[in-house]
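2 protein chains.
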Amino acid sequence: MNTIFFHHQPRLVATGSIAGPKESEGIVGNFADKTLKDDTFGESTYEKAECKMLTFAVRKAIENAGLTERDIDLFVSGDLLNQIISASFTARDFDFPFLGVYSACSTMSESFALAGAMIDAGYFKRIVAATGSHFSSAERQYRYPLELGCTRPPQAQWTVTGAGGAVIAAKETTSSPIALTSATFGRVVDYGITDVNNMGAAMAPAASDTVVKHLQDTGKKASDYDLIVTGDLGALGSRLMKDLTWEKGVDIQNNHVDCGEIVYNVIEDEFQGGSGAGCSALVFNSYIVEKMRRGELNRVLFVATGALLSTVSSGQGESIPCIAHAVSFERV
Amino acid sequence: MNTIFFHHQPRLVATGSIAGPKESEGIVGNFADKTLKDDTFGESTYEKAECKMLTFAVRKAIENAGLTERDIDLFVSGDLLNQIISASFTARDFDFPFLGVYSACSTMSESFALAGAMIDAGYFKRIVAATGSHFSSAERQYRYPLELGCTRPPQAQWTVTGAGGAVIAAKETTSSPIALTSATFGRVVDYGITDVNNMGAAMAPAASDTVVKHLQDTGKKASDYDLIVTGDLGALGSRLMKDLTWEKGVDIQNNHVDCGEIVYNVIEDEFQGGSGAGCSALVFNSYIVEKMRRGELNRVLFVATGALLSTVSSGQGESIPCIAHAVSFERV
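As given, the protein sequences belong to chains A and B, one line each in that order.
Heads up: the first sequence begins at 93 in this note's numbering, then just goes up one per residue.
Heads up: the second sequence begins at 93 in this note's numbering, then just goes up one per residue.
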């Protein structure tokens, strides 16, 4: 059993989100709390801009919840930069304790899972879970110097510049109807993909594994969810994931959407869509949560997906181990 | 309140540990499950050796607990390498789910805190928490290529080559008398230290902050613990930490020990002692736990300490934010 159940139904109280310039042109542009015209956000480096975006998302989530910093008991976060400096430096600005996590682009659902568990168990009353990413800081860390202007292969995705987060709280503290009801922790799955430009193909098996395990553990059918939202598989990865899941006897063809696929106005011949920890954090904490708030979605399984490689592991000839954590959100 | 209480007293069932050649000459040489003569552990790179050591510690902890891989519900781990590849690639070898964490050299206590919470809340029955580090992989990632043979300044510490971990389990599954009774999550504390060779000074304020907060939250006195074990402050950092704590009205002069200070046979004129996620993981999960097992220590507060910098943050002129998480272990 990889799934834990939140019998006390911790609530998602409010979210905070911020979108980069390119991201603001897509669907989240209408839903994010802030849209940037300048991807440096007034900072001298991309890393500092990424950190400032994450800090914005945290402050905004707290503000939107009608709370102050002093009401928050714990901050759960991580990011893609080496030593998760965006999360750590964001945490430095606040007085509440910090729980640093890492599961690459699966960080948002891992953070939700932990926040849900800590609230459900009665350890804390209010926790902020958040993450983000920045195209330019990720690109120069994981791939090539931006100045080289390398051509991207067709299977590549584009790291989202953006951040998102939410306040998760004990149900007696809020009137929010959006509850976290369970979480499934993923296994590390590696099908031997070594192409660091093809994250979608690398992550698809992990996403499929976690979705199928979640349904087994909970005794649910895929159709019990209005929507199964994966993190950043992109167009190709989503196709592979649906095929792999179908092979295991589970059909999610009609109720699956991928944050990477919808964050930009994708033309698949050009590129596969968005990626990065900020991809699912931004899309979920703006667009998806708003749909739940309006009652247009009532049961959502959020499955952020992560590729656990580094430039060193790839350079040493390793394939790409991947993971996906799932959290179910239900209007109650 | 930054502290959570484990009313169901999850138990530390058994540990697994492995020490590098230099580490084996010190106190842990008599207590580790395995001591290495060759710091490559038969692998072609230091990163692969680090991963193999962590895998060894995990397998050994499970074996020493009289369990098999199938009995384990979750693996909580992280490490110092970019994108925590040692932990992720270790997790790939197993079938249980993986929770990736990062708090630099505070990873061991963060992992214990989470494992304790998840068991105490009844979500899982048995969890492995583990971490490790390797001098040569850390040195070339954080500092200089080994081949340069740079001179180390007197305030520097030496990253421990080693790994350690433990099986944490629900009390009804084991006869182990060593219980986890509470955990205090640390805040990020930054006193403005920018010297990346002086981790002890950078981390001392965070360690002091967490120890004082733990005592406030629990209503305990420092003398209620037989030993307060910090992670890897080293000799200088330990002195600073004791002074800072004393200034806040708490005297830990007589019952404090630092894993970094005791892991080698330190001559302070030469260097400050050990560091790295593996430092406290190795010392705690061999020497300290054995002392508890024998009843020579009955109440131990384990406070691993982490410096949350990266080469990028330092290169961009940032100071070093630090953190410390505390977990109390008691013979019951």
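Simulated from the structure, these hints should not be mistaken for laboratory data.
Mixed in with the good hints there might be a few duds.
One copy or any two copies: either way a pair holds, since identical chains are not told apart in the list.
Straight line, CA to CA, 30 Å or less: simulated DSS-like cross-link-like pairs of lysine-lysine [to be verified]:
no.	residue 1	residue 2
1	K263	K340
2	K313	K129
3	K114	K217
4	K312	K126
5	K340	K312
6	K263	K129
7	K129	K383
8	K129	K217
9	K126	K340
10	K340	K217
11	K312	K129
12	K217	K126
13	K217	K312
14	K383	K313
Going down the list of hints, with the structure as the test:
1. K263 x K340: Neither way: K263 and K340 sit 36 Å apart in one copy and 37 Å across, limit 30 Å.
2. K313 x K129: neither (42 Å within a copy, 54 Å between copies)
3. K114 x K217: So K114 and K217 fail the 30 Å test inside a copy (36 Å) and across (46 Å) alike.
4. K312 x K126: neither (37 Å within a copy, 46 Å between copies)
5. K340 x K312: within (15 Å within a copy, 54 Å between copies)
6. K263 x K129: Result: close neither inside a copy nor across copies, 37 Å intra and 55 Å inter.
7. K129 x K383: within (25 Å within a copy, 59 Å between copies)
8. K129 x K217: For K129 and K217, the Cα distance exceeds 30 Å both inside one copy (36 Å) and across copies (49 Å).
9. K126 x K340: So K126 and K340 fail the 30 Å test inside a copy (41 Å) and across (42 Å) alike.
10. K340 x K217: Cα proximity of K340 and K217: across copies only (28 Å, versus 39 Å in one copy).
11. K312 x K129: Result: close neither inside a copy nor across copies, 43 Å intra and 52 Å inter.
12. K217 x K126: within (27 Å within a copy, 43 Å between copies)
13. K217 x K312: Classified as both; 29 Å inside a copy, 23 Å across copies.
14. K383 x K313: within (22 Å within a copy, 51 Å between copies)
Hints 1, 2, 3, 4, 6, 8, 9 and 11, counting from the list given before, are not met by this structure.
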